[in-house]
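Start from the sequences and build out the full structure, keeping to the hints where you can.
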Amino acid sequence: MEKPLITLTTDFGLKDPYTAAMKGVILSICRNADIVDLSHNIEPYSIFNCAKYLSESIPYFPESSVHVIVVDPGVGSQRKPVAVFMHNRYFVCPDNGVLTMLIDRYKNYRAFEITNRKYCMPEISNTFHGRDIFAPAAAHLASGLNIKKLGSELTELFILNIKNPVAGNNGTVTGEIVYIDNFGNCISNICKSMTGKIIKIEINNTVITRIAENYSKLEKGIPGVLAGSSGYLEVVFNMESAHDLLNIKKGDKLVIYTSG
Amino acid sequence: MEKPLITLTTDFGLKDPYTAAMKGVILSICRNADIVDLSHNIEPYSIFNCAKYLSESIPYFPESSVHVIVVDPGVGSQRKPVAVFMHNRYFVCPDNGVLTMLIDRYKNYRAFEITNRKYCMPEISNTFHGRDIFAPAAAHLASGLNIKKLGSELTELFILNIKNPVAGNNGTVTGEIVYIDNFGNCISNICKSMTGKIIKIEINNTVITRIAENYSKLEKGIPGVLAGSSGYLEVVFNMESAHDLLNIKKGDKLVIYTSG
Amino acid sequence: MEKPLITLTTDFGLKDPYTAAMKGVILSICRNADIVDLSHNIEPYSIFNCAKYLSESIPYFPESSVHVIVVDPGVGSQRKPVAVFMHNRYFVCPDNGVLTMLIDRYKNYRAFEITNRKYCMPEISNTFHGRDIFAPAAAHLASGLNIKKLGSELTELFILNIKNPVAGNNGTVTGEIVYIDNFGNCISNICKSMTGKIIKIEINNTVITRIAENYSKLEKGIPGVLAGSSGYLEVVFNMESAHDLLNIKKGDKLVIYTSG
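Chains as they are written, first to last, in the numbering used here: chain A, 230 to 489; chain B, 230 to 489; chain C, 230 to 489.
These are computed hints drawn from the structure, not numbers from a lab. Keep in mind that a hint or two might mislead.
It does not matter which identical chain is used: a pair holds within one copy or between any two.
[Said to hold, decoys possible] Capping the alpha-carbon separation at 20 Å, the derived lysine to aspartate or glutamate pairs in EDC-like fashion look like this: (1) K309 to E405; (2) K244 to D266; (3) K244 to D473; (4) K244 to E272; (5) K482 to E292; (6) K377 to E342; (7) K309 to E442; (8) K244 to E469; (9) K478 to E405; (10) K392 to D266; (11) K421 to E352; (12) K347 to E442.
All figures in this text were calculated on a predicted structure; none of them were measured in a lab.
Written out as structure tokens, the structure is:
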């Protein structure tokens, strides 16, 4: 039998004991689980960043993996703790939109509110459902528990309202910067497949005409645009930070001019 | 048989090769070990922070797990390297107080000074006992070595002197901020169980009257007090940092007023 | 049979989905692999730092481990993706010098350019060979694939040109600071074995005469020199940062005066 595989994605950072407590809970229930850290550095409280992160990593994981996601600013409030079965993978998370982009991709899912106290910690705190609800539920799923045992089925999950790029006349597409990565690459919400041949782009007051295949094709100090590894257009430099050099920020508007 | 489980807690940070060297040593001795990173971001040299971190995470781990802890400002000095059996778990660490709060909780332990060179690296450096003593000793324990083989038994371990809150007249309890977490929540040393019904708290020159159940119950910009996931009272905001907004620092005095 | 062991070393940082995508790819091909994070915080684009990191950690890992290294500023350019068998371990990385110090140590290796698309992702992006080439190749090696199947053998790998210390008259050795660690210790390229008995050292305009065995032997505020855990001389304080207190930077010149 395959060994149980549980991944963790949180905004807990790395210095606090919160992630370790979750790992302990998981291993106490499912001693053979392999726990794989995805990220604990999602921007605190950013459900959008988390949703985007998951959409670019989860699709690479094998079937039957169990994904625990704790970016949970509403912990203890009315938002529901849920377990979701989608594309033959399991997700355990708050129902706050973190699965938005994966649902957009896979469409079909079955979702269950986690209410069965038998699969939670004996005491449930008001502030740490990662430890008290999500970790134990995930460990039970990884141990083979039928997801229906966790609670009643929900008809739908909360979905984030995501701004899409807009196609204008004359072959323009207007979008915005939605993420800045570790290298300072400024990633937009415009997918390469949405545009024709790109002639130039405009961002803030800069016009960029260099359309590159990869980072190292760019001369030092010259900004370029390329399609990143998930297909989204990004403003980049070769071994320098577009975020720093062009002072680009999340939310900045980007216009793509194409040949049609 | 259960697979060997070894956790790592250090103040090494993430960029240096120190943690990787320890992982290599462990896997060379105990190839089947599952190594679980707890944190490598304990505040450098902070034995107190490490002790608190362990007290809020280790209790969730299963029996027979082996916990390696390397926050070790006195490496190479007279402080002893030790292996400890407590609450059916193993701990391998410097004898410098990192187990203080766990010992306070579990009371009974057996401790052994690690002196048997057979279970250390062939050469022991003066500056990196994590790699040369703690990692190999832990890997041998995880492989089934009897802890008594590591060296002679010690009658007691070094314990940190920890300041406790003080109960005053009129139902006040005075404590201090001992930790600020990744979200800027300011955590005190006053456990909820030490107080009656809280009426208000005072910290620096701020009076806080909002006693909340969870973060999301607080209106934006209004500070509150709540019992965190380990039972300690913390000064918090909803999705904002109390550390930043109220300029609260570690060591700041906190007075709780209760109804008796 | 031993379980497959794959380590990851990158400059991706911790917030982006790049590392998680690689983990997913690996586990989809080799479901039983144990993935061990070494570091994702190598200084961005720093091939030298990466080479040094590997030389101080990889030697501790067991035979047959598979090491994936992605510090890859030239991704998508002419630099080759390679798989290397050396000292009974496997390395999967760009041919850009990251193995320089390991090759200097182990001398013999066999290297293969990864060209067989059968062992890559179906589509190979121009910007993320970690996910599309290195992760799948490593997972296939960990699953038992013969390394020769990945592509044609290369006669040599790219090697970094590394500056060595210079021995002068009168028993001096002149080197430089090549790395500053998490604690602010300033590590030089002068190995203890290159010098005789040290009398004093000079760095910037500071003369240091305190030669210490370990950090805790130094009085507060007094800088010292000691041989770190990999044998290189470092400028240090006891529980303080030499980097901060003496304003030492990477590249600063260091002169060791010995008794001959």
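Cross-check of the supplied hints:
Taking identical chains as interchangeable, the C-alpha atoms of K309 and E405 are never at most 20 Å apart, the minima being 31 Å within one chain and 34 Å between chains. Taking CA atoms no more than 20 Å apart as the test, K244 paired with D266 passes in both settings, with 15 Å inside one copy and 12 Å between copies. For a Cα distance limit of 20 Å, the shortest separation of K244 from D473 across copies, 18 Å, qualifies, whereas the shortest one inside one copy, 27 Å, does not. For the identical chains of this complex, K244 and E272 are neighbours both inside a copy (15 Å) and across copies (8 Å), given an alpha-carbon limit of 20 Å.
In the homo-oligomer, the alpha carbons of K482 and E292 never lie at most 20 Å apart, since the shortest distance is 38 Å inside one protomer and 52 Å across protomers. In the homo-oligomer, the alpha carbons of K377 and E342 lie at most 20 Å apart inside one protomer (9 Å), although the nearest pairing across protomers, at 49 Å, exceeds that limit. In this assembly of identical chains, K309 and E442 lie within 20 Å of each other by CA distance solely across copies; the values are 16 Å between and 44 Å within a copy. With identical chains, the CA atoms of K244 and E469 are at most 20 Å apart between copies only, with a shortest distance of 18 Å across copies and 29 Å within one.
Proximity of K478 and E405 under a CA criterion of 20 Å is satisfied intra-copy only: 10 Å inside one chain copy versus 38 Å between copies. In this homomeric assembly, K392 and D266 never come within 20 Å of each other (Cα to Cα): the closest approach is 29 Å inside a single copy and 35 Å across copies. Only between protomers do K421 and E352 lie at most 20 Å apart by alpha-carbon distance; the minimum there is 15 Å, versus 49 Å within a single protomer. With identical chains, the CA atoms of K347 and E442 are never at most 20 Å apart, being 53 Å at best within one copy and 23 Å at best between copies.
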